[in-house]
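A.B. asks: Chains as they are written, first to last, in our numbering: chain Y, 1 to 343; chain W, 344 to 679.
For the record, the hints were derived by calculation from the structure and aren't laboratory data. We put the beta carbon where it would ideally sit given N, CA and C, even for glycine. Take these hints with a grain of salt, some might be off.
Some chain W residues near chain Y, calculated using beta-carbon distances under 8 Å [what the hints assert, rightly or not]: (1) A422; (2) G423; (3) V449.
Every beta carbon over 10 Å from chain W, so not counted as near; a handful from chain Y, in silico [unchecked claim]: (4) E44; (5) W187; (6) G228; (7) P231.
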Amino acid sequence: MTEEGPDLTRRSLLAAAAGAGVAGTAGCSGVTTPSDVAAAASIEGNVGYVRGPAQIDLQESTFVDARPMAQYRAEHVYGARHAPIGALETQQTSGDGVVPDTEGLASALGSIGIAPDDDVVVYGSSVGSRVSRVVFALEYLGHEGEIAALNGGYDAWSGRVGVGSRSHASVDYDPAPRHDCVVSREWLADRVGRFNGDGPGLVDVRPPEAYLGARRADALVASNARHGHLPGAINVRWTGNVDGRAIAAPATLAELYFSRAGLRQSGTVVVYGQGNVDPTNTWLVLRALGADDVRLYEGGFGEWATVDADRRGRFPVETKTSTVIETSGSIGGGDDGGFSCTG
Amino acid sequence: MLVAVPCSDDDCVLLLDAADGTERGRVAVGDHPVHLAVVDSRVFVATMGDRAVSVVADGAVRRVETGVLGPSHFATTDAGDVLVPCTGGDALAVVDAERLTLRARVGVGAEPHDVAVRDGLAYVGSRADGVVTVVDPTTGTVEATHDLGSDARIQGVEATDEGVYAVDQRNARLFRVTAGSVEGSVPVGANPYDAVVADARVLVAGRGDATVTAVSRRRAVGAVGDGDPRVYDVGGRPSGVVVANGDAWVLDRERSHVAPLADPPATDGRAGAGASPTRRRVELPHPTFAAETAPDDAVVYVSHYDDAAVSAVDLEAGRVVWTAETPAHPFEPAVV
Numbered sequence: 001m002t003e004e005g006p007d008l009t010r011r012s013l014l015a016a017a018a019g020a021g022v023a024g025t026a027g028c029s030g031v032t033t034p035s036d037v038a039a040a041a042s043i044e045g046n047v048g049y050v051r052g053p054a055q056i057d058l059q060e061s062t063f064v065d066a067r068p069m070a071q072y073r074a075e076h077v078y079g080a081r082h083a084p085i086g087a088l089e090t091q092q093t094s095g096d097g098v099v100p101d102t103e104g105l106a107s108a109l110g111s112i113g114i115a116p117d118d119d120v121v122v123y124g125s126s127v128g129s130r131v132s133r134v135v136f137a138l139e140y141l142g143h144e145g146e147i148a149a150l151n152g153g154y155d156a157w158s159g160r161v162g163v164g165s166r167s168h169a170s171v172d173y174d175p176a177p178r179h180d181c182v183v184s185r186e187w188l189a190d191r192v193g194r195f196n197g198d199g200p201g202l203v204d205v206r207p208p209e210a211y212l213g214a215r216r217a218d219a220l221v222a223s224n225a226r227h228g229h230l231p232g233a234i235n236v237r238w239t240g241n242v243d244g245r246a247i248a249a250p251a252t253l254a255e256l257y258f259s260r261a262g263l264r265q266s267g268t269v270v271v272y273g274q275g276n277v278d279p280t281n282t283w284l285v286l287r288a289l290g291a292d293d294v295r296l297y298e299g300g301f302g303e304w305a306t307v308d309a310d311r312r313g314r315f316p317v318e319t320k321t322s323t324v325i326e327t328s329g330s331i332g333g334g335d336d337g338g339f340s341c342t343g
Numbered sequence: 344m345l346v347a348v349p350c351s352d353d354d355c356v357l358l359l360d361a362a363d364g365t366e367r368g369r370v371a372v373g374d375h376p377v378h379l380a381v382v383d384s385r386v387f388v389a390t391m392g393d394r395a396v397s398v399v400a401d402g403a404v405r406r407v408e409t410g411v412l413g414p415s416h417f418a419t420t421d422a423g424d425v426l427v428p429c430t431g432g433d434a435l436a437v438v439d440a441e442r443l444t445l446r447a448r449v450g451v452g453a454e455p456h457d458v459a460v461r462d463g464l465a466y467v468g469s470r471a472d473g474v475v476t477v478v479d480p481t482t483g484t485v486e487a488t489h490d491l492g493s494d495a496r497i498q499g500v501e502a503t504d505e506g507v508y509a510v511d512q513r514n515a516r517l518f519r520v521t522a523g524s525v526e527g528s529v530p531v532g533a534n535p536y537d538a539v540v541a542d543a544r545v546l547v548a549g550r551g552d553a554t555v556t557a558v559s560r561r562r563a564v565g566a567v568g569d570g571d572p573r574v575y576d577v578g579g580r581p582s583g584v585v586v587a588n589g590d591a592w593v594l595d596r597e598r599s600h601v602a603p604l605a606d607p608p609a610t611d612g613r614a615g616a617g618a619s620p621t622r623r624r625v626e627l628p629h630p631t632f633a634a635e636t637a638p639d640d641a642v643v644y645v646s647h648y649d650d651a652a653v654s655a656v657d658l659e660a661g662r663v664v665w666t667a668e669t670p671a672h673p674f675e676p677a678v679v
């Protein structure tokens, strides 16, 4: 294994890669330097979790790199631990359906030396779903320390860097799971017909084509026995949460979710996707925007769509709706079948 | 006697006096009402924009939550259940008509649109999956799923003694199915929607090619007999067929009349829709979309969907009895 490079910084590496002039251009009109990028990543206002590099206590924080291992090895925040993303997706089956594997998640964090009271900064290539899954796992396990997501991703980092990888002493992570962070298939089935009305908010974060079950669309997942969405769910694709490598403007996101999508900050909101990674991004954003009670459907549409055929009446799927909020991308697959009685 | 008319763009059911068309009331029923069922003087309303059906009873409106979007058509069972496919999803709702509660919800083919009951079993046609799902509504279980082709779009289903006829709109075919099998199919006119039973025949309007196809019920579907199936060139845009006193009449979405479905003379297996000696075309104030026959067969009530009106038509006398204005987009009337 390669040792960390104690004298390397993000800026010096960029300079080496791009030419000696890069590092010396700070302050020049029209040129963006790593310091500028880091400064631009700072978040103003009352927004949770998401922090720019300048807003982080570097002395007290433990960094967790959520990028693929190859990127981590090439370069990372000095001292960062590499997140075992796969292990942080582990699930188990309960009588009510799929739930997070508490022991598996705790073991994964403990394996990289994260203790429950550590202040943790999670970063990735952007503020994407790999980052948010790590944040979710920490919150679900009842993490006691501060949890932050680095805005702007690794490109916003201008501090000391390391290369290669090394092991960190593992610790026993003693979880205190917060079951109110998640909902199960049965919890949802008990509330079918009430979502986004007088019941909880329900947000489908997948592409609109998957949400609508558009025939022959590339976005459809072949392993799903049925296509469409949970009854009453609105569709706000999670990728709209991110603008480049940073979180989208908080005011824009607040307008999107609490005005256009009609979600309530004070009520329960459930988010789901195909699996348990992408929807954590919307889970993170809604919590960052001050929503009181945001929960993840851990099993996702992949679980809902594949219930036994004789139980589908309890777990119905809709393909029609008028509430696709974010519609980036076209509705593929041709004819959507219409929705009328006039034929 | 009242004529109830669901007005889909005004979210109400209009009540008209059957005798003279005088308005007797308007009942707000929910989002996009399209079809009605009358059960023991209760009027069930399929509100297609809701996840519930409305029931007008004793001067009040009650809601029965189905949980799934798009209640579309109704069928009733001898056991007292009202069945309603939820066409925005993939479920058949079974409603206890007495208690007005959801008794069961059964998973069926996606985007179920129409339902028919034969021998106690419900046949539900899917607009998206190309299947007819056979459901036992008493147990809430699926007895069979008949695949009519992956691209089939099943719009209408109609129950008869010999089987259930299912209309594949996309491929312009009429299937006959039973609980155990798909017996066969036959081509019909382009862009069909509903099948209508008229004595010994099943009639399907081809809205895309101005035809009505008549299929004999005596033969297995797909078996070719003398003049069977018979294709009538009716012109215009036939939106459906209504039967009164055993005679079939063609509704037209473009032309302001209702015309009898003429028997031969036929040439090359095709027949014309000219006037017969005993039945004449009846001129109407507007084109027609859907119709309901009065219990005594004396008149039919036709909706002028595009012109916001309903007419009572005496087909034997060849005249319009009355015409009443309605809120926007009146659907199929029902007699209460």
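A.B. asks: All hints, please: hold or fail.
C.D. replies: Structure-based check of all given hints:
1. The interface hint given for A422/W is violated, since its Cβ lies 18 Å from the closest Cβ of chain Y, which is over the 8 Å cut-off.
2. Taking 8 Å as the C-beta cut-off, the interface hint given for G423/W is violated, the closest approach to chain Y being about 20 Å.
3. With a least beta-carbon distance of about 4 Å to chain Y, the hint placing V449/W at the interface is held under the 8 Å criterion.
4. Look at E44/Y: its CB is around 41 Å from the nearest CB on chain W, clear of 10 Å, so calling it non-interface holds up.
5. Listed as outside the interface, W187/Y is consistent with that label: its C-beta sits roughly 15 Å from the nearest C-beta of chain W, beyond the 10 Å cut-off.
6. The claim that G228/Y lies off the interface is violated: its Cβ sits roughly 7 Å from the closest Cβ of chain W, which falls inside the 10 Å cut-off.
7. At the 10 Å boundary, the C-beta of P231/Y falls inside the reach of chain W, the nearest C-beta of that chain being 5 Å off.
Checked against the numbered hints above, the structure violates hints 1, 2, 6, 7; every other hint is satisfied.
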